[in-house]
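Asks: If you read the protein sequences in the order shown, they are chains E and X. Number 145 in the UniProt record's numbering belongs to position 145 of the first sequence; there are no gaps in the numbering. Number 191 in the UniProt record's numbering belongs to position 191 of the second sequence; there are no gaps in the numbering.
Check each hint, because a few of them may be wrong.
To be verified - Think about it this way: if two alpha-carbon atoms lie no more than 30 Å apart in a straight line, the pair counts; the simulated DSBU-like pairs of lysine-lysine are:
#, chain 1, residue 1, chain 2, residue 2
1, E, Lys281, E, Lys319
2, E, Lys179, E, Lys133
3, X, Lys256, E, Lys154
4, X, Lys256, E, Lys120
5, E, Lys192, E, Lys133
6, E, Lys312, E, Lys281
Derived by calculation from the structure, the hints in this document are not laboratory data. If you're wondering where the values come from, they're calculated on a predicted model, not measured in any experiment.
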Amino acid sequence: MPPPSRQSASVGAVRRAFAPWADPDAKPLIRFENVTKRFGEAVAVDHLTLDIFEGEFFCLLGPSGCGKTTLMRMLAGFEFPTEGMITLAGQSLEGVPPYRRPVNMMFQSYALFPHMSVEKNIAFGLRQDGLPKSEISDRVGEMLRLVQLEKLAKRYPSQLSGGQRQRVALARALAKRPKVLLLDEPLGALDKKLREETQFELMDIQHELGMTFVVVTHDQEEAMTMADRIAVMDHGRIVQVATPGEIYEQPKTRFIAEFVGDVNILEGHVQGQESGLWHVKSPSAEMPLTIDDPDEVLHSGQAVAIAVRPEKMVVQREKPGPEAVNVLTGEVWDIGYLGDWTVYRIRLATGEILRVSCANISRFVESPIDWDEQVYVTFAPGAAVILAE
Amino acid sequence: MTRRLSIFNVTSLVMGFAFLYLPILLLVVYSFNASRLVTVWGGFSTQWYGALFRNQALMEAAWVTLRIALLSASIATVLGTLAALALTRYGRFPGRTLFTGMVYAPMVMPEVVTGLSLLLFFVAVDLDRGFWTITLAHTTLTMCFVTVVVQARLMTFDRSLEEAAMDLGAPPLRTFFSVTLPLIAPSIVAGFLLAFTLSLDDLVVASFNTGPGATTLPIKIYSQVRLGLSPEINAASTILIGLVTLGVILATLISKRSVLRSRRNAH
Numbered sequence: 001m002p003p004p005s006r007q008s009a010s011v012g013a014v015r016r017a018f019a020p021w022a023d024p025d026a027k028p029l030i031r032f033e034n035v036t037k038r039f040g041e042a043v044a045v046d047h048l049t050l051d052i053f054e055g056e057f058f059c060l061l062g063p064s065g066c067g068k069t070t071l072m073r074m075l076a077g078f079e080f081p082t083e084g085m086i087t088l089a090g091q092s093l094e095g096v097p098p099y100r101r102p103v104n105m106m107f108q109s110y111a112l113f114p115h116m117s118v119e120k121n122i123a124f125g126l127r128q129d130g131l132p133k134s135e136i137s138d139r140v141g142e143m144l145r146l147v148q149l150e151k152l153a154k155r156y157p158s159q160l161s162g163g164q165r166q167r168v169a170l171a172r173a174l175a176k177r178p179k180v181l182l183l184d185e186p187l188g189a190l191d192k193k194l195r196e197e198t199q200f201e202l203m204d205i206q207h208e209l210g211m212t213f214v215v216v217t218h219d220q221e222e223a224m225t226m227a228d229r230i231a232v233m234d235h236g237r238i239v240q241v242a243t244p245g246e247i248y249e250q251p252k253t254r255f256i257a258e259f260v261g262d263v264n265i266l267e268g269h270v271q272g273q274e275s276g277l278w279h280v281k282s283p284s285a286e287m288p289l290t291i292d293d294p295d296e297v298l299h300s301g302q303a304v305a306i307a308v309r310p311e312k313m314v315v316q317r318e319k320p321g322p323e324a325v326n327v328l329t330g331e332v333w334d335i336g337y338l339g340d341w342t343v344y345r346i347r348l349a350t351g352e353i354l355r356v357s358c359a360n361i362s363r364f365v366e367s368p369i370d371w372d373e374q375v376y377v378t379f380a381p382g383a384a385v386i387l388a389e
Numbered sequence: 001m002t003r004r005l006s007i008f009n010v011t012s013l014v015m016g017f018a019f020l021y022l023p024i025l026l027l028v029v030y031s032f033n034a035s036r037l038v039t040v041w042g043g044f045s046t047q048w049y050g051a052l053f054r055n056q057a058l059m060e061a062a063w064v065t066l067r068i069a070l071l072s073a074s075i076a077t078v079l080g081t082l083a084a085l086a087l088t089r090y091g092r093f094p095g096r097t098l099f100t101g102m103v104y105a106p107m108v109m110p111e112v113v114t115g116l117s118l119l120l121f122f123v124a125v126d127l128d129r130g131f132w133t134i135t136l137a138h139t140t141l142t143m144c145f146v147t148v149v150v151q152a153r154l155m156t157f158d159r160s161l162e163e164a165a166m167d168l169g170a171p172p173l174r175t176f177f178s179v180t181l182p183l184i185a186p187s188i189v190a191g192f193l194l195a196f197t198l199s200l201d202d203l204v205v206a207s208f209n210t211g212p213g214a215t216t217l218p219i220k221i222y223s224q225v226r227l228g229l230s231p232e233i234n235a236a237s238t239i240l241i242g243l244v245t246l247g248v249i250l251a252t253l254i255s256k257r258s259v260l261r262s263r264r265n266a267h
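Next up, chain E with everything else stripped away, as it sits in the complex (with noise of 0.2 Å):
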């Protein structure tokens, strides 16, 4: 089966309508110009350039420590660029106090006034404006009905549960109807099922109120799941932005493979290009690997890794027939069954330890591959991403 060409092919859930990012005219809504952020001696955030669009849902994702919480604050305004400058529609933002932008966050504290209803939280930011009594009152039903919390209006912090609060912090940082939302690990502090139904939420509300939202993460699930573009960080700089799949299916450099989602590792030198696919001699395999990679542009002897993602291998107890490319030997190290699916952990003659998972799409199986078996891992030439090193 030849693998679909590349100008037809799509990786991810594209919202195809959806891609300001991908048109050199459109003018950004957030854009940071080689900004840095030092605090003393460290560096924070390195010479960093970025483009946010409005309408975009954008996350920041990356290690903690990778400057993403420094980026999110200096939009905030709570930090100030030490060099380099961030505009926010046109608009220089230097100099500006945090009461004074256009732009509200969600804490990841969640930062509820203990000593304030859920209604007079909500209401603060928009007394602050100075709106009339009756506005404010509308605007607070509204946010209650929009994060459905309107039994509950009279209530302080203290009584209500994590989820509740998480709404009321969202609620709150919408009430004003900023310009752009700023959402720091949103979900961090909710229980997994929890997490999972307010990620489609989040996305709800963020479409229908079509606010930009920069959320900021460490949980690369999360940011799959909901972004529209996703900046990936580390030390300060941002190593691509791209949409969720391409930064899952093409990800730029080895940092990224290993950072978002499980990657198998392949080291090798590159033989040669054969009809558009790369030759490359791995002595993880006995045959020289192929793989389809055509954006990759290398030369022969070049080192490389080859990633491949545990889905995107197969494992079986036959051995391939003769034109079966990508064929690697081992034995069955570990399995683990996790319900929606089986886990195998195999152990390759050169020692390193290859990941493949296999989804159960029945409930049972004849004759279930065991510990230690010898088994065949294969993986088809577009299953791969070369990495230059």
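Given the coordinates of chain E, work out where chain X should sit on it, guided by the hints.
Replies: For chain X alone, coordinates are given in the frame of chain E:
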């Protein structure tokens, strides 16, 4: 795991409390003595309380004490709160450790030293001793207690609450009055009550800095006792003990409640 009290525990507990409170208890009991002789029990009576309220000099002293306590506690509360804010908020400014030490110094300084140094200072700047010098002296004495109480609360204060207020459009001053102040108010009240009770029963510092027309109740009682014991003094002392106890209990309750509340909000 309820461990039973052994006879030893009970005895030591009783002895301890007796050691601490028996003299005070005796004083309270004798303030209800019908007899004029302080050491002879002549039956129950509240006549000395009546006599006390008719004693012009004592009542005047009580009024002076109350005014000084209120005023000095108020000033100490404002200054002490500001010091606590400076110490917790402004990071590592040069001399921070020294400043912290200096704020706490009056707490451990012998009262005689505090009293004497203040007296020398007032003489040097040529300030007439009286109501105002005692008030100032008590402010100095009690400010650090307010700082300690308020600082403890500020240490556990979630700064993101203030950031949230500013993010929602409140400038710094409004943020302070609408978010910070209401949340640390219990500790400020507790600090005020502590300062108030400390000023109320201070004898040493007050007697160093007193002047004509500014006799506080403790000074008055002390000077009267030297002329001979009177049941009226017992009654006055009993009221003073009651007030101080009430103040300390209130301060403890208020600060305990605010700690509980902030802890409940933390998760």
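Asks: Holds or violated: Lys256/X with Lys120/E, Cα cutoff 30 Å?
Replies: Roughly 26 Å separates the two Cα atoms, so the pair holds.
Asks: Are the Cα atoms of Lys179/E and Lys133/E separated by 30 Å or less?
Replies: holds (23 Å)
Asks: Does Lys154/E lie within 30 Å of Lys256/X when you go C-alpha to C-alpha?
Replies: The given pair, whose Cα atoms are some 25 Å apart, holds under the 30 Å limit.
Asks: Does the alpha-carbon distance linking Lys192/E and Lys133/E stay inside the 30 Å limit?
Replies: Violated. Lys192/E to Lys133/E sits at ~39 Å, over the 30 Å cutoff.
Asks: Holds or violated: Lys281/E and Lys319/E, Cα atoms, limit 30 Å.
Replies: holds (21 Å)
Asks: For the pair we were handed, Lys312/E and Lys281/E, check the Cα-Cα distance against 30 Å.
Replies: holds (20 Å)
Checked against the numbered hints above, the structure violates only hint 5.
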